[in-house]
Amino acid sequence: MASLKNIKLKILSYKKTGTVTHAMEAVSAVKMRKAQERALGGRAYAAAALSVLERVSGTIDTSHHPLMTEQGGKTCFVVVTSDKGLAGSLNSSVIRRAEHEISARDLAPDQVIVIAIGRRGAEHFANRGHDVRIRKENVSDDLSESDLRAITDELLSWYAAKEIGSCVVVYTNFISTFEQEALARQIIPITPLAVRETVAGIRPARGRYAPSDEAPIHPATYLVEPSVDAVLSELLPRLINIMIFHAFIESKASEHSARRVAMKSATDKAKDMVKSYTRRFNKARQASITREVSEIVGGMEAMR
Amino acid sequence: MAEYPNTFDLVIASVQETQYDGPVLAATLPGSEGEMTIMPHHEAFVTTLKPGTITVRIMGGETRTFSIENGVLECSNNRVVVLL
Numbered sequence: 001m002a003s004l005k006n007i008k009l010k011i012l013s014y015k016k017t018g019t020v021t022h023a024m025e026a027v028s029a030v031k032m033r034k035a036q037e038r039a040l041g042g043r044a045y046a047a048a049a050l051s052v053l054e055r056v057s058g059t060i061d062t063s064h065h066p067l068m069t070e071q072g073g074k075t076c077f078v079v080v081t082s083d084k085g086l087a088g089s090l091n092s093s094v095i096r097r098a099e100h101e102i103s104a105r106d107l108a109p110d111q112v113i114v115i116a117i118g119r120r121g122a123e124h125f126a127n128r129g130h131d132v133r134i135r136k137e138n139v140s141d142d143l144s145e146s147d148l149r150a151i152t153d154e155l156l157s158w159y160a161a162k163e164i165g166s167c168v169v170v171y172t173n174f175i176s177t178f179e180q181e182a183l184a185r186q187i188i189p190i191t192p193l194a195v196r197e198t199v200a201g202i203r204p205a206r207g208r209y210a211p212s213d214e215a216p217i218h219p220a221t222y223l224v225e226p227s228v229d230a231v232l233s234e235l236l237p238r239l240i241n242i243m244i245f246h247a248f249i250e251s252k253a254s255e256h257s258a259r260r261v262a263m264k265s266a267t268d269k270a271k272d273m274v275k276s277y278t279r280r281f282n283k284a285r286q287a288s289i290t291r292e293v294s295e296i297v298g299g300m301e302a303m304r
Numbered sequence: 001m002a003e004y005p006n007t008f009d010l011v012i013a014s015v016q017e018t019q020y021d022g023p024v025l026a027a028t029l030p031g032s033e034g035e036m037t038i039m040p041h042h043e044a045f046v047t048t049l050k051p052g053t054i055t056v057r058i059m060g061g062e063t064r065t066f067s068i069e070n071g072v073l074e075c076s077n078n079r080v081v082v083l084l
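Residue numbers (the working numbering), protein chains in the order written: chain A, 1 to 304; chain B, 1 to 84.
Since no wrong hints were added, every one of them can be taken at face value.
To give an idea of the chain A side of the interface with chain B (calculated C-beta under 8 Å), a few residues:
| # | residue |
| --- | --- |
| 1 | 44 |
| 2 | 45 |
| 3 | 56 |
| 4 | 222 |
| 5 | 223 |
| 6 | 224 |
| 7 | 230 |
| 8 | 234 |
| 9 | 238 |
| 10 | 245 |
No wet-lab data here; the hints were simulated from the structure. Backbone N, C-alpha and C define an ideal beta-carbon position, used for all residues, glycine too.
With the rest of the complex left out, here is chain A (with noise of 0.2 Å):
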C-alpha cells in the first residue's frame, strides 16, 4: 500500500491540476462566448456577399474574368488553427483535412504553398518541409477584416503572375459548443458551385439564418456600372477575404468552444481523481490506524 504521504500529495497535485483547468475552461467560457456571436454575427454578411455573386452570376457571364477560370500552377493551402494546444482533437482534424487535400489532389511537395494562420498548422507544415510562404501568429480574437486584406493582396498577386493556380481555405466550421468539422473549401478560382456550397454552409440549419426554400431568383437581366469587369474586380477580391476572414471568425469560435469542452472534462476528471484518492487515502489511514492498534494490543498480550 502507497503510504500516507504519497497519496497526499497526489490529491494535492490533481487539486491543482483541477483549479488551473477550472480557470482556463472559465476563461475560455468568456472568450467562446464572444467568438460565437462574432462568428454567428459575420454570418449574415458573408451570406450576403455570397449570394449576391450568385444571383450576379445567375444573369451575367462572369466566366471570362480571371479569378473566376481555372489556370495551372501550384495550389495554396489557407490553413486556419489555433496557436495554443488544449483543444481537443481541433488542430489535428483540420491538419489531417488539410493533408488529405493534398493527398487527395496528388500534389508533390513543391506544388504546395502553404499560408498558415495559427502556429499550430504553421509548425506542422514547416516540419514536414513545406513552403510555409506567410505565417500569422498570436493573432488576437478580435482581427477585423481589414487585417487579412495583406493575405489577400499577396494570394491575389501569386494569381495574377499566375504562380498558384487555386488556393484552398481549411478551416474549422462552428457548429455548436460540442459540434466541430474541419471543412476544405476552394475559394480561388470562385465557381458558382463553390460559392453555393459555402452559403449552404454557411447558414446554420435552424434560427434566424435558417435557409429559406425558395430557390434564389435571377433578374432576367442585371444593368451593371461601369461595367463588368469593373464589378467583378471590385467584388472578388472582396470576397476572397471575406471567405478568408469567415474561416478564421469560425475557427475562432471553434477553438474556444472545443478548449472549453476539453477543459471541462478535464476539471471534472481531477475532480473524479481527487474523489478516489481521497477515498484511497481513508482506506490507508484506516488501515494503519487499525495496525497500529493490534500492535499495541499485541505487545499488551506479549507483555502478560
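Dock chain B against chain A, hints included.
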C-alpha cells in the same frame, strides 16, 4: 411589404455590423459613375461605390446618413444590398 407599396428594402452591412436594415423611400448613393438616387422598383442593378455619403429617406420624412469608404451595391427584386 404590401402595406408600404412605395418603399424598398435596404440593407447596408459591413462585416462588423449591419448598419441599416429596413424599408426606405429612397436612397442617394455615391456611385462610381456619379451620385444617384434609387427609388422603389428600380431595375436589377449592380455597381461599385466610391467614398462619400449615403443619404437614406425613411418613412415619416426622416433622413439618415452613412459615410462610406467604398462598397458594392446590388439591387434586385425591390431589395438593395450595400456591402461596405
